[in-house]
Each structure stands twice: as structure tokens, then as C-alpha cells.
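Use the sequences and the hints to build the structure in full.
Going down the list, the sequences are from chains V and F.
Going by our numbering, the first residue of the first sequence is number 1, and it counts up by one from there.
Going by our numbering, the first residue of the second sequence is number 1, and it counts up by one from there.
Derived from the structure by calculation, the hints contain no laboratory data.
Only a predicted model underlies this, so the values are computations on that prediction, with no experimental measurement involved.
One or more hints might be untrue.
[Unchecked claim] Far from chain F, by Cβ distances over 10 Å, these chain V residues were calculated: (1) Val3; (2) Asn5; (3) His35; (4) Cys38; (5) Lys59.
[Stated by the list, open to error] Derived pair list, reagent style SDA-like, types lysine to any residue, alpha-carbon separation capped at 20 Å: (6) F/Lys231 x V/Asp10; (7) F/Lys225 x V/Ile39; (8) F/Lys231 x V/Ile2; (9) F/Lys225 x V/Val45; (10) F/Lys231 x V/Glu54; (11) F/Lys225 x V/Asp22; (12) F/Lys301 x F/Lys129; (13) F/Lys38 x V/His28; (14) F/Lys38 x V/Asp10; (15) F/Lys225 x V/Cys41; (16) F/Lys231 x V/Gly51; (17) F/Lys231 x V/Val4; (18) F/Lys231 x V/Thr46; (19) V/Lys6 x F/Thr121; (20) F/Lys231 x V/Val50; (21) F/Lys231 x V/Val45; (22) F/Lys225 x V/Glu54; (23) F/Lys38 x V/Cys41; (24) V/Lys6 x V/His35; (25) F/Lys231 x V/Val8; (26) F/Lys38 x V/Val8; (27) F/Lys38 x V/His32; (28) F/Lys38 x V/Cys9; (29) F/Lys211 x F/Ile68; (30) F/Lys301 x F/Gly113; (31) F/Lys129 x F/Asp311; (32) F/Lys38 x V/Asp25; (33) F/Lys225 x V/Cys38; (34) F/Lys225 x V/Val50; (35) V/Lys6 x F/Arg252; (36) F/Lys231 x V/Val3; (37) F/Lys199 x V/His28; (38) F/Lys225 x V/Glu40; (39) V/Lys6 x F/Val234; (40) F/Lys231 x V/Leu42.
Heads up, the beta-carbon is just placed ideally off N, CA and C, and yes, glycines get one too.
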Amino acid sequence: MIVVNKDVCDYCGTCVAVCESDAIDLFHRDIHIHHDRCIECLKCVTVCPVGAPEQIQEKAKAPSE
Amino acid sequence: MNSVDRRQAIVVGTGPAGSRAALALAREGIDVLSVERKPRPGTPVRCGEGIGSRGLEATGLPIRKEWIASKIDDLLFYSPSGTPVRVSSKSPAYILNREVFDFDLAQIAQKAGAGLLLDTTVQQIRREKGRWQLYCTGPSGEKELECELLIAADGVEGRMGRQAGLCPGLSMRDIESCVQYCMDGIEVENACHFFAGEKSSPGGYAWVFPKGEDKANVGLGILGKHGSRAKPTVLLDRFVQSHFPRARIISRTVGGVPVGRLPKRIECDGLMLAGDAAHQVNCLNGGGLSYALAAGNLAGKTGAFGLLQKDVSAGALREYRKAWDSKLGKQQVRSFHLKEAMLMLKDEEMNAVAERLSNTPDKDTFSLVGLFGRVFWKHPTLMWKAFKLLS
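Structure, rendered in C-alpha cells:
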């Protein structure tokens with residue numbers, strides 16, 4: 001799963017430009033990734049000038065969830 | 001449920017392409033609305049702010065002195081080993097104050113009759129019954145807009161071209177990932193300085209653009225795909241530490257620059273792309289200001305004509321692309337091939353060329369074309385690639 005560190009992100013949209021699945025919503029000072037659309041191609045991670053997006057392991061869901 | 005705001009034309013983005021298009025439309029009496037996701041046009045600046053004087057004068061707008069931070073006559077290129085090569089441009093360049101410039105352009109468009117909607121981000125566009133529907137988020141929540149003619153000047157980060165099926169996302173070879181400081185205490189010659197090097201700025205370059213009073217834009221861009229090697233923030237800090245250790249950082253900006261070819265089509269029924277959204281950028285130096293201003297004007301005029309003739313079909317709007325191709329298209333395509341050729345040059349080759357050039361007696365009289373001719377004369381394949389479209 002890709003998460004964006006909002007303390008580091010400058011909302012420039014370079015990630016949006018390269019996103020293979022058009023999965024990123026960019027606002028003036030906010031950003032949202034549609035995880036259902038994201039294919040984790042990692043282009044956003046590579047291209048970001050400041051290194052804000054990060055690929056993390058999703059936590060395993062408990063059987064009851 | 002909020003009511004839909006219906007206009008003849010909507011321009012998304014109030015950068016140079018968008019505001020210029022809105023102005024062209026408003027001047028023809030078209031009911032046009034500009035939509036901007038930021039609270040204020042022009043801020044923050046994501047740009048080196050350099051423009052050739054001819055590109056600025058071509059707008060036909062009276063040039064305000066507040067737009068101009070400095071006037072540049074010479075370009076200095078530094079090889080990876082640091083050898084300088086001077087190019088005196090035929091006409092001067094300006095380094096702009098884009099917060100003022102962009103803000104003023106938006107004001108000029110408004111004074112001509114264009115509306116302005118701020119703080120509003122277009123999330124999705126859809127074609128319904130011969131009109132464009134825009135689904136936006138604004139300060140009071142969701143907002144819906146509708147128009148007959150839509151101009152997407154929504155930047156390198158724009159998605160409208162993609163949603164309209166005109167272009168996919170940018171390739172990692174066709175984007176520069178950049179960081180720039182505005183700095184104080186930069187004592188350099190009043191010229192535009194360009195620094196190349198595979199390690200220091202892989203697939204890109206560092207720049208110093210003086211803005212007067214010892215201030216300068218100091219930035220660095222790398223080719224998108226090299227971002228896994230090193231981040232431009234780290235590389236810029238290294239550059240600043242080695243070149244300007246005592247200078248002070250006033251502000252920082254980051255962003256992406258498209259350095260690819262234009263999409264096959266930048267128009268479809270009722271829609272045109274302009275500016276960075278259409279990849280209208282010089283691929284070699286990343287400069288897009290004069291292209292954006294020219295394209296915004298062409299798109300606005302074509303759109304206005306189409307609306308008045310009641311035909312904004314793709315066929316009618318193709319005149320915009322034709323006008324672009326005939327005025328600036330070849331130059332832009334050539335810049336793409338030059339960029340591809342430059343990406344193949346190794347540091348040692350650049351060093352050798354710079355050494356040779358800096359030792360020639362007539363070094364002060366290079367033109368840019370002459371410079372590239374000398375860079376590539378030993379590489380006929382690269383020369384052919386770079387200049388095959390020279391008319």
C-alpha cells in the first residue's frame with residue numbers, strides 16, 4: 001500500500017503526472033490515494049522530488065474483521 | 001443539492017496558459033469562467049521563472065516592471081568538470097516574479113470579463129449531451145459546473161487530458177523531478193548558469209537564475225526515472241553546499257516538468273489542452289512559459305471562433321493544433337530530440353567538448369545552435385536525430 005507523508009509532501013502533483021492508474025486526487029494542500037485503483041507500480045515513490053510517498057506493508061486483518 | 005453553474009466556456013487553471021486563454025475568450029465576448037484549485041493565482045511559484053524577452057513581448061500585453069526581477073544577456077554552461085562555455089543570446093531573457101505575473105494575468109482576464117472561481121479542484125470531467133460536466137470540490141463542498149467549451153490548462157499534474165482519453169500518464173523518461181531554492185547572498189555574474197553532470201544531476205541539470213540584489217533561483221532537476229538513485233533535494237543541498245556555502249535559503253519549491261512530445265491529439269469535442277497539460281515545454285531546458293502563453297492565446301482564439309460559429313467539434317478545434325504546429329511545433333519537437341541526444345552524452349564527452357570550446361578564440365560569439373552543432377559533430381547519429389526535423 002502507498003501512503004503519503006503529509007509532513008513532507010508539497011502537493012506539487014509530480015506523482016499524479018506519472019501515476020499509471022490515475023489513482024491520486026490532488027488538492028491545494030491535501031492528497032488522497034485510491035488504494036483500490038493503485039497497482040503499486042511505485043512510479044510515484046521514484047519520481048517524487050521530496051520522497052513523500054512510501055510503500056508500506058498492510059497490517060494483516062484479524063479473522064473477525 | 002447545489003445548482004449547476006453553466007457557462008459557455010470554462011478554463012481550468014490560472015497559470016500563464018489558462019489566464020491567457022481566458023483573456024482571449026473574454027475579449028471575444030464569450031461567457032468564460034476560470035477555475036483555480038489554489039486560493040490565489042500565482043502562489044506558490046513552481047518554476048525557474050526564466051522567459052525569453054520575445055516570448056513575453058509576443059503576448060502583446062503591456063509589460064509591468066514588477067513582473068521582471070532581472071534581465072539576462074548571457075548564458076553560461078558548465079561541464080561536469082566545471083569548464084564554462086558562454087553563449088550570448090540574440091535577445092535578452094527575463095527572470096520573472098511569477099507570483100505577481102500570474103496574479104496580474106488573472107486580473108487582466110477578469111477585467112476583460114472572465115469570471116474566477118478559486119479554491120476549487122476539478123476531480124472528474126464527463127461528456128454528457130454535447131457538453132462537459134465538471135465535478136469539483138470547493139470550499140463549501142461538492143460543486144458541479146457545465147460548459148460547451150473546456151480548456152484544460154491544469155498543469156503537469158492535470159488529469160483532464162487523461163480523463164478525456166487524450167493522453168496517458170507521463171513516462172518516467174519524459175518528466176523532470178525538480179527542487180528549487182530562492183536564495184539570498186548569491187554573488188554570481190548576472191547570467192543564467194547551467195550545470196550538467198551525470199552524478200550531480202542525472203538526466204537533468206542545476207541552475208542559478210539571478211533575480212537581482214544578490215538573490216537567485218537555485219534549483220536542480222533530474223530525469224524522473226533516476227529518482228530511485230538519488231532525490232533532487234539531496235543533490236541540490238550538495239550543490240548549494242559546494243557552490244554557495246554562505247548563502248541563505250529564503251524559500252523552497254518543488255515540482256515536475258514535462259519533457260516529452262505533445263500527445264497525438266490535444267483536442268477533442270469541446271476540449272483543448274494547453275500549457276504543461278499539453279506538454280508544451282522546451283524539453284532541453286524545461287522552459288514552458290512562452291509556449292504556455294502562445295498556446296493559451298491560440299486555444300482561446302480557436303475556442304472563441306468555434307463557439308461563435310456554433311461548432312466546437314474536434315474537427316473545428318484542430319485549427320488550434322495546426323496553428324501550434326506551424327508556429328512552435330517544430331521547435332518543440334527538435335527540443336525533444338536534443339534532450340534525447342543529450343541523455344546519451346557521457347560526462348567525459350561533455351568535458352572534452354567544453355574544454356575545446358573554451359579554448360577557441362571566438363568563444364564569445366556562440367549561438368545555441370552553433371554550440372549544439374559543436375557538441376554533436378562527433379556523433380553523426382545523434383546529430384541526425386537532433387536535427388532531422390530542422391526545416
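Consistency of the hints with the structure:
no.: 1; hint: Val3; result: 18 Å, holds
no.: 2; hint: Asn5; result: 13 Å, holds
no.: 3; hint: His35; result: 17 Å, holds
no.: 4; hint: Cys38; result: 13 Å, holds
no.: 5; hint: Lys59; result: 26 Å, holds
no.: 6; hint: F/Lys231 x V/Asp10; result: 14 Å, holds
no.: 7; hint: F/Lys225 x V/Ile39; result: 18 Å, holds
no.: 8; hint: F/Lys231 x V/Ile2; result: 18 Å, holds
no.: 9; hint: F/Lys225 x V/Val45; result: 10 Å, holds
no.: 10; hint: F/Lys231 x V/Glu54; result: 14 Å, holds
no.: 11; hint: F/Lys225 x V/Asp22; result: 18 Å, holds
no.: 12; hint: F/Lys301 x F/Lys129; result: 24 Å, violated
no.: 13; hint: F/Lys38 x V/His28; result: 5 Å, holds
no.: 14; hint: F/Lys38 x V/Asp10; result: 13 Å, holds
no.: 15; hint: F/Lys225 x V/Cys41; result: 12 Å, holds
no.: 16; hint: F/Lys231 x V/Gly51; result: 7 Å, holds
no.: 17; hint: F/Lys231 x V/Val4; result: 16 Å, holds
no.: 18; hint: F/Lys231 x V/Thr46; result: 9 Å, holds
no.: 19; hint: V/Lys6 x F/Thr121; result: 19 Å, holds
no.: 20; hint: F/Lys231 x V/Val50; result: 7 Å, holds
no.: 21; hint: F/Lys231 x V/Val45; result: 10 Å, holds
no.: 22; hint: F/Lys225 x V/Glu54; result: 16 Å, holds
no.: 23; hint: F/Lys38 x V/Cys41; result: 29 Å, violated
no.: 24; hint: V/Lys6 x V/His35; result: 17 Å, holds
no.: 25; hint: F/Lys231 x V/Val8; result: 13 Å, holds
no.: 26; hint: F/Lys38 x V/Val8; result: 19 Å, holds
no.: 27; hint: F/Lys38 x V/His32; result: 17 Å, holds
no.: 28; hint: F/Lys38 x V/Cys9; result: 16 Å, holds
no.: 29; hint: F/Lys211 x F/Ile68; result: 9 Å, holds
no.: 30; hint: F/Lys301 x F/Gly113; result: 15 Å, holds
no.: 31; hint: F/Lys129 x F/Asp311; result: 15 Å, holds
no.: 32; hint: F/Lys38 x V/Asp25; result: 14 Å, holds
no.: 33; hint: F/Lys225 x V/Cys38; result: 19 Å, holds
no.: 34; hint: F/Lys225 x V/Val50; result: 14 Å, holds
no.: 35; hint: V/Lys6 x F/Arg252; result: 16 Å, holds
no.: 36; hint: F/Lys231 x V/Val3; result: 18 Å, holds
no.: 37; hint: F/Lys199 x V/His28; result: 33 Å, violated
no.: 38; hint: F/Lys225 x V/Glu40; result: 16 Å, holds
no.: 39; hint: V/Lys6 x F/Val234; result: 19 Å, holds
no.: 40; hint: F/Lys231 x V/Leu42; result: 15 Å, holds
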